[in-house]
Structure formats: structure tokens, C-alpha cells
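*Asks:* Each chain, letter by letter, is given below.
Number of protein chains: 2
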Amino acid sequence: MASTEKRESGSSAVYAVVMAGGSGTRFWPASRETRPKQLLPLAGGDEALLAATVRRLAPLVPPERVYIATGARLQAGTRAILPDVPAANVLAEPVPRNTAPCIGWAASILAAKDPEARILVLPSDHHIENEEAFLDVLRKALDAVEAGNLVTVGIVPTRPETGYGYIELGEPLGHDVRKVARFVEKPDLARAKGYVEGKKHLWNAGMFIFRAGDMLAAIDRAMPELGEGIRAIQAGGDEALAKIFPTLPSISIDHGVMEKTANLAVVPGDFGWNDVGSWESAWELAAKDEAGNALPSAAGQISVAVDSRGNLVQTSDAKKTIALLGVEGLVVVDTGDALLVMPRDRAQDVRAIVDALKKKGGPV
Amino acid sequence: MASTEKRESGSSAVYAVVMAGGSGTRFWPASRETRPKQLLPLAGGDEALLAATVRRLAPLVPPERVYIATGARLQAGTRAILPDVPAANVLAEPVPRNTAPCIGWAASILAAKDPEARILVLPSDHHIENEEAFLDVLRKALDAVEAGNLVTVGIVPTRPETGYGYIELGEPLGHDVRKVARFVEKPDLARAKGYVEGKKHLWNAGMFIFRAGDMLAAIDRAMPELGEGIRAIQAGGDEALAKIFPTLPSISIDHGVMEKTANLAVVPGDFGWNDVGSWESAWELAAKDEAGNALPSAAGQISVAVDSRGNLVQTSDAKKTIALLGVEGLVVVDTGDALLVMPRDRAQDVRAIVDALKKKGGPV
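Quick note, the sequences are listed as chains A and B, same order. With the numbering used here, letter number 97 in the first sequence gets 97, and the count goes up by one each step, no holes. With the numbering used here, letter number 287 in the second sequence gets 287, and the count goes up by one each step, no holes.
These are computed hints drawn from the structure, not numbers from a lab. Treat the hints with caution; some may be incorrect.
Each pair may be met inside one copy or between any two copies, as identical chains are not told apart.
List of simulated lysine-lysine pairs, PhoX-like, C-alpha gap at most 25 Å [as the list claims (entries may be wrong)]: (1) K186 - K260; (2) K358 - K319; (3) K359 - K319.
Source: prediction; values computed, not measured.
Use the sequences and the hints to build the structure in full.
*Replies:* Given below as C-alpha cells:
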């Protein structure tokens with residue numbers, strides 16, 4: 001630790017930009033348009049995913065150097081769960097334009113403050129089991145930016161997942177750092193199995209580490225119109241932001257910039273990463289009784305499960321008594337205004353409920 | 001109808017005593033100690049079972065001649081759902097002592113008002129599909145009391161039910177009236193099957209029809225100590241009630257009086273009777289969509305069921321949105337302070353939940 005900190009203090013300051021603009025529907029009815037996934041404690045306990053993201057960074061990035069990129073409608077809720085992050089660090093995009101404009105804008109803000117800024121761009125809504133290992137990977141990535149690389153963290157796959165993009169490993173650049181051979185779109189199952197067996201592919205978890213100036217230069221090369229827009233916003237203040245940001249090209253940083261950039265590096269990570277993609281993930285991460293039931297357990301709250309196994313029950317009412325009898329593998333989510341019941345193995349289909357509710361005018 | 005009414009007006013007045021002291025646990029969490037089954041709309045719609053019981057009697061017994069026998073703790077709730085029944089007609093037993101003391105006490109009150117009173121003693125918490133047929137059966141039973149009989153209504157069995165007592169038919173006494181050969185305890189399945197096939201047995205549904213004086217005389221013969229107690233209560237007012245009622249023998253009218261009485265008659269009834277014995281019955285009686293889902297449908301309430309069949313969902317919150325995805329045959333009951341989820345076919349086991357909650361101090 002001591003040697004790491006010395007090295008860090010000898011380099012330029014590290015900032016984090018946490019991407020917290022998402023508004024997913026996969027956690028309905030807990031998640032809503034103004035209370036999306038990252039603001040919910042979906043990995044167990046009562047710490048929101050975003051709060052956990054900021055907390056686990058603290059040994060590397062103090063809260064005053066953490067920036068949150070989010071939407072205007074989420075600004076208040078975001079500040080509320082991050083009391084240690086300065087309010088001015090919560091950056092509100094006027095409209096969502098995917099990750100390239102967002103990261104470019106944040107990089108330009110930090111570059112103006114600190115031209116040497118090294119930036120960790122991180123998702124706000126993932127869970128990480130081994131936080132020490134995670135920080136070690138970030139330290140390696142921060143080292144790797146010194147050579148001018150745009151660096152990403154690739155997760156060592158644990159299953160042939162078809163829902164993620166992959167990163168193909170290229171030649172070694174140093175200890176635990178490899179060149180990125182290419183980014184790969186979501187594969188079919190056969191290909192995904194090959195990736196797991198071949199050990200040459202990692203999951204793309206949306207983590208990017210770079211020096212502010214390197215990213216802005218890469219943007220200027222790959223998407224000059226985006227670079228122009230960002231400079232105009234930086235020069236014009238809030239008014240320019242409201243006017244220009246909505247005109248920026250809506251594209252991911254992967255497609256818009258990374259794939260068109262030569263000096264890409266990747267650090268493999270194996271730290272118990274979980275993207276908390278559905279209620280099924282929430283059940284996996286939750287504290288469970290010996291029968292695999294994850295039940296509400298606020299102070300004074302009573303939950304009973306008779307002949308019941310593998311259920312997840314969540315309620316927004318910490319005084320509500322929960323009773324399960326003879327049920328298995330269910331997800332039950334009770335909020336003030338809605339109640340969802342489904343099998344865990346249908347968790348990927350929550351969108352069908354949200355779509356049905358939109359037609360009927362229900363709360364989504 | 002005209003001829004029936006003429007005959008009724010030519011006889012002594014008809015009173016009803018509705019037995020509404022029950023405090024079952026089978027409908028937890030909707031039913032509670034101070035909100036038992038009879039106060040809940042468990043047969044669909046929003047009419048409590050007790051309110052339906054009184055309403056369906058109206059062509060035969062106007063509300064001012066309906067008496068409700070209930071417990072002191074239920075008096076307020078009972079009056080609240082029966083605005084047309086005079087408050088003084090809601091009789092509060094100081095403690096529950098089963099049906100014999102309750103019926104004897106009510107009979108003595110009515111006999112004092114009207115020595116010729118004919119009384120219908122009826123359960124408060126059953127459902128009757130064909131109300132006209134039910135009233136016709138009661139009219140036949142009222143005719144049959146004129147010969148001094150204690151009369152009961154026996155339900156024509158539709159299945160070999162082992163959960164009910166049976167009434168064995170004796171010799172005919174007149175059109176649709178038979179002597180009672182004997183009361184039979186709950187049979188095993190083989191015996192119950194024989195009863196259904198033999199067509200000589202009816203279900204005992206706890207309905208008793210008699211002249212007040214005949215019942216009091218039968219009590220004096222079968223249980224003289226109960227007769228004494230009832231007279232002492234009648235003579236001594238509220239103070240005597242509080243002092244003596246708790247000392248009366250706790251026994252059912254069936255065992256204590258009917259089985260020891262010779263002049264018993266029974267009128268067979270086939271009017272879509274349902275004892276609303278569990279959440280399964282509530283589902284059977286509820287309005288359902290084409291997939292067999294009985295979902296909340298208050299004005300403005302939104303319920304969606306995707307790939308779901310045969311579920312019953314109840315919520316005490318008429319504004320709550322309900323969403324089912326991929327579930328079948330579940331009972332989901334949401335009250336202000338509790339939530340129960342179980343398969344319909346476990347409905348008989350709700351007591352296991354109530355027992356578990358009692359140990360933990362939950363709301364029962």
C-alpha cells in the first residue's frame with residue numbers, strides 16, 4: 001500500500017468519472033425513470049450500487065475527485081446518496097447521448113482543471129466482490145496510461161455469456177497489460193464457448209482509463225465533429241451545454257473512439273465482477289437463509305418462509321411482514337405502488353411487464 | 001311469491017340470528033383477530049360475506065329483525081358493515097362459548113320480545129350462488145317448524161368431502177322435508193364416497209330453523225344447566241351476561257342439543273353453497289380473466305398478467321399496480337402490513353404461517 005501511494009502521489013492526480021445516467025427497466029418495480037438501478041441497493045444490504053461504486057474507489061480516488069455523469073432528472077437523487085461528493089461534481093447531461101459525448105465532455109472538464117488528469121471511467125451499477133483486487137487492477141491500468149494508451153479493464157470470463165461484448169487480447173505490453181487486438185460484438189453461444197476455452201478473450205465491462213488529453217486527442221482523430229462540439233461546450237458554459245450537447249452524435253465510446261484508436265491496452269481483471277443485470281443477479285448477490293431465500297430483514301421486520309426455497313423478496317416497507325408458503329424460485333417485489341411476482345428464471349422478461357404497463361398507463 | 005308472502009304474514013314473525021363470532025386464521029393476512037373472515041369480501045366484489053348474508057335474507061327477514069351474534073371485540077366492525085341492522089341487534093358475547101350458549105341466549109332474547117318468534121340461525125361467512133333457491137328452502141324449513149320440529153338445512157353433497165359433518169336422512173315428513181335419522185361426524189374418504197353415492201346423506205351447513213320456545217324447551221331437556229343459565233342472563237341483564245355467560249358449557253348446538261332431540265327435521269338444499277373455507281374457495285368464487293387469474297380491479301387500478309394462469313391476487317391498496325409474469329396457481333395477498341405468497345393448493349396450510357408468525361410476534 002505505502003509504495004503504491006508513493007507512486008500515485010508522484011504521478012498526476014487520479015479522477016473518476018462514474019457513468020450514472022442509466023434508466024433501465026429490468027428492475028421494475030423497484031427501478032423507475034427517476035429511481036434507476038444505480039440508485040438501488042441491489043447487491044444486498046442497503047448501499048445503493050452507485051454509493052458502493054464511489055465508496056470502493058476511495059483508497060484510490062477521494063470523493064472530491066469523483067465526478068458523476070448522470071441525467072438532469074437524476075441529479076437530485078444522485079446527490080442525495082453521495083453526500084461526500086461535491087454537488088458541483090454531479091454533471092447533468094441535458095439529454096442522454098450514449099457514452100462517447102458523455103466521456104468526452106467529462107474529459108474536457110477535467111482537462112481544463114488539470115491537464116495531467118488521469119481518469120477512471122467506471123460504470124455505476126455493477127457489483128465487485130473483491131475490492132482490493134479491483135483496486136490493484138485499476139492501479140495497473142493507471143500505470144499503463146503513462147505510455148499514452150487508452151486502457152480498458154477486461155473481465156476474465158467465468159461462463160460462455162452471450163450478453164456481453166468481448167475484448168480479444170493482443171501482444172503483451174508489460175506485467176498484466178496487453179494490447180487490445182480488437183473489440184468483439186456479443187457472440188453466439190458456440191463462439192462464446194470458444195472464447196472461454198481459448199482464454200484469449202475478456203468481457204468488456206465498460207471501464208476505461210486514460211489521461212484526459214489522450215482521450216480528447218483520440219476523439220479528435222476518430223470523431224472530429226464530437227471534438228468540435230466538446231470544445232464549444234467547454235468554451236460556452238451552461239448555455240452551450242444545453243444547446244450543443246443534444247446535437248452530439250449518440251454513440252458509444254467503444255464504437256465511436258476505442259475501436260478506431262491504435263494505442264489500446266487492456267488489463268485483465270478477476271475480482272468477482274457482476275453486472276447486476278436482473279433480479280436473478282440480485283438474488284445471487286443477496287444474503288440468503290439456509291434454504292436460499294433472500295428475505296427482507298430490516299430491524300424489527302418479520303419474514304417467514306415455510307417449505308420455500310430460493311426466493312427473493314423485496315419490499316420498500318421495512319415494517320411489512322413477509323410470509324412465503326410452499327413456493328420456490330420466485331421473485332416478489334413490493335413497492336409503495338406496485339407488486340411484481342415472477343419466477344427467477346423469467347427475470348430477463350421484466351420488460352414484457354413494463355411494455356404491458358406502458359400500454360395501460362401503469363407506473364413505469 | 002304473492003302466495004308465499006301471504007302465508008308468511010299469516011304466521012308468526014320470522015327473525016334471523018346470524019352467527020358472526022368467528023375469528024379464523026385461514027384467510028391470513030386479510031383476516032385478523034379484529035377483522036375475521038365474515039367481515040371480508042371473500043366471494044368476489046366488495047361485499048363482505050356477512051353483508052351478503054344479511055342482504056340475501058331481506059325478502060324473508062327485514063334488517064330490523066336480523067340479529068347478529070358476535071364477539072365484543074367485533075361489535076364495532078360488524079355494525080359498520082351493516083348500517084341497516086339496528087345497533088341493538090348486534091349481540092356481543094362476552095367470550096366465545098361455541099354455538100349452544102349463543103343460540104340459546106339469542107332464542108331467549110327473541111322469545112321475550114315475541115313468544116311466537118320463528119328463528120333462522122345462519123352462518124355469516126358462507127356463499128350462496130342461487131339466492132332464490134336458498135330462500136325457497138328457508139321457507140320450507142319455516143313451514144316445517146310449525147309442527148314443533150327443530151329444522152336444519154342439509155346441503156346436497158357435490159363431492160366426497162371429508163371436512164364436513166353429514167346428516168343422515170330419515171323418513172319423509174312432507175314435501176321436501178325429512179326426519180333427521182342422525183348427525184354423522186366428519187367421515188373418512190371411503191365413507192364420504194359412500195354418502196355421495198347413497199344419496200341418503202347431506203352436508204351439515206350449520207343452519208337451524210325453529211320456534212324460539214321449541215329451542216328453549218329442547219335446551220331444557222338436553223342441557224338443563226344451560227337452560228338455567230340462559231334464564232338467569234335474561235333476568236339479570238348486562239351484569240348477569242358478563243358474569244354467567246362465561247360459565248355456560250362450551251358446546252355446539254349440534255352436539256349439545258340437536259343430537260339429543262327427537263323431533264328433528266331436515267330440508268335438502270341445492271343452491272350453490274360454498275363455505276368459503278380457504279383462499280382456494282375465494283379463487284373459485286372470484287371473477288377471473290380468460291386465463292383464470294383473479295386480479296384486483298378497483299376503478300383505475302392496473303393489473304397485468306403475462307404468461308400467467310389461475311392466480312388469485314388481493315391487495316388492500318386499490319391504487320396498487322399488480323404484475324404477474326410466468327406464474328401459475330398462486331395466491332398473493334397484500335395488506336397494509338403483510339404479504340403472503342403461496343400456491344393455491346397449499347391454501348389449507350395457512351395456519352402454518354400463522355403459527356410461525358405467532359412465535360416471531362408477527363401480525364396475526
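*Asks:* If the cutoff is 25 Å on CA atoms, where do K358 and K319 land: within, between, both or neither? Let me know, please.
*Replies:* between (30 Å within a copy, 16 Å between copies)
*Asks:* Since the copies are identical, ignore which copy is meant and state whether K186 and K260 lie within 25 Å (CA to CA) inside a copy, between copies, both or neither.
*Replies:* within (18 Å within a copy, 81 Å between copies)
*Asks:* Which holds for K359 with K319 at a C-alpha limit of 25 Å: within a copy, between copies, both or neither?
*Replies:* Cα proximity of K359 and K319: across copies only (17 Å, versus 32 Å in one copy).
Violated hints are absent here; each numbered hint is respected by the structure.
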